[in-house]
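Peer 1: Under our numbering, the first residue of the sequence shown carries the number 1, and numbering increases by one thereafter.
Derived from the structure by calculation, the hints contain no laboratory data.
Just so you know, even glycine gets a beta-carbon here, dropped at the ideal spot from N, CA and C.
Please note that a few of the clues may not be correct.
[As the list claims (entries may be wrong)] Calculated pairs, DSBU-like style, for lysine-lysine (alpha carbon to alpha carbon, straight line, at most 30 angstroms):
| # | residue 1 | residue 2 |
| --- | --- | --- |
| 1 | 71 | 131 |
| 2 | 87 | 71 |
| 3 | 251 | 229 |
| 4 | 243 | 260 |
| 5 | 231 | 254 |
[To be verified] Pairwise CB distance ranges, derived in the manner of DEER restraints:
| # | residue 1 | residue 2 | range |
| --- | --- | --- | --- |
| 6 | 11 | 64 | 18 to 26 angstroms |
| 7 | 60 | 28 | 21 to 29 angstroms |
| 8 | 51 | 139 | 29 to 37 angstroms |
| 9 | 124 | 242 | 20 to 28 angstroms |
| 10 | 251 | 30 | 55 to 63 angstroms |
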Amino acid sequence: MLDLSSLISFFVLGTIVWVIYKIYIWPIYITPLRKIPGPSSENPFYGNLRTFLLEENPDLKWIQKYGNIVKYHGLFNQPTLVIADTKLIQEITLNHVYDYITPPKMLADGIAIAGRGLVFAEGEDHKRQRKMMNPAFTHNNVKVIYTLFKPRRTESNINLTPYISKATLDVIGIVGFNYEFNSLTSPNELAKAYDSVTNVPQPALRFAISLLSNYVPYIRNIPIDMNRKFKSACEVIDRVSKKLIKEKYNKAEKGELKGKDLLSLLININKTLPIEEKMTDEELKYQVINLKVTTINLLSILLNAR
């Protein structure tokens, strides 16, 4: 019979063999992607991520060198594809979109902030949510939304950087929920929550923690300032979104929900659907958060690309 020290030795040896297999043998020699050209892994633990962080547009350089389909190595050497072939992109994003799901291990922080709304839903859940939301974006509804921008349109030259996310949040509040956040003119906890998530003093550490949280969820429980701010921001975003939905439902019950903002339209549409097609209150909350998060992030990307 094995004694305790032998059991521990077998356990340690088994763990070492498993780690070597997962981060070296399988990603290099066994993966179905092994024959696709691309850069060699720089390290079994972080693959080619160091190049991503330190060099400018490494993916474009790889495409020029290896072609329109490139394999590189991500965290723990996991093989990942960069696809620049337009026909393949069309197949993945349009023709067979439900055959290509977002890797579950890349969603942890996104779901923590925004939930499984339209952005992060997959398969039948995504089909149902999209079908339910489509009527809110008809031509007539979009025209009404456009008119909401006119009273706030003025001309002047200003430095946008300190104000852009706040202005975006105010516009989303009006168009999406018919709600005045007033984050440009007064302190706003929701604006602070988004700022604490997106603007951190150590972006490399944020990236590392965000990436590792997909593999080691408990890393968000480490008592450091960045994690505390992240959890606090998620709680604020969740609470404010629930408050918006509750206020709209109260108006709907009284027959007073006549607004053309997106949330009012969604709630009114949801009331007319059969039970199997309805969104739950939780899913409606996710759509509210998705709208706020994705709009702010998209605007940030567009500004940084200029």
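Peer 1: If a hint holds in the structure, say so; if it doesn't, say that too.
Peer 2: Right, here's what the structure says about each hint:
A distance of roughly 35 angstroms separates the Cα atoms of residue 71 and residue 131; the hinted pair therefore is violated under the 30 angstroms criterion. Between the alpha carbons of residue 87 and residue 71 the distance comes to roughly 18 angstroms, so the proposed pair stays at or under 30 angstroms and holds. Straight-line distance between C-alpha atoms of residue 251 and residue 229 comes to about 33 angstroms, which puts the hinted pair past the 30 angstroms bound. This hinted pair checks out: residue 243 and residue 260 have alpha carbons roughly 19 angstroms apart, not beyond 30 angstroms.
Using a Cα cut-off of 30 angstroms, the hinted pair residue 231 and residue 254 is violated, with the two alpha carbons roughly 35 angstroms apart. In this structure the supplied range 18 to 26 angstroms is violated for residue 11 paired with residue 64, their Cβ-Cβ distance being about 47 angstroms. The supplied range of 21 to 29 angstroms is met by residue 60 and residue 28, whose beta-carbon atoms lie about 25 angstroms from each other. Judged by the Cβ atoms, the range 29 to 37 angstroms given for residue 51 and residue 139 is violated: they are separated by roughly 45 angstroms.
Taken as a hint, the range 20 to 28 angstroms holds for the pair residue 124 and residue 242, whose Cβ atoms sit roughly 25 angstroms apart. Between residue 251 and residue 30 the beta carbons are some 58 angstroms apart, a value that agrees with the proposed interval 55 to 63 angstroms.
This entry does not satisfy hints 1, 3, 5, 6 and 8, going by the numbered hints stated previously.
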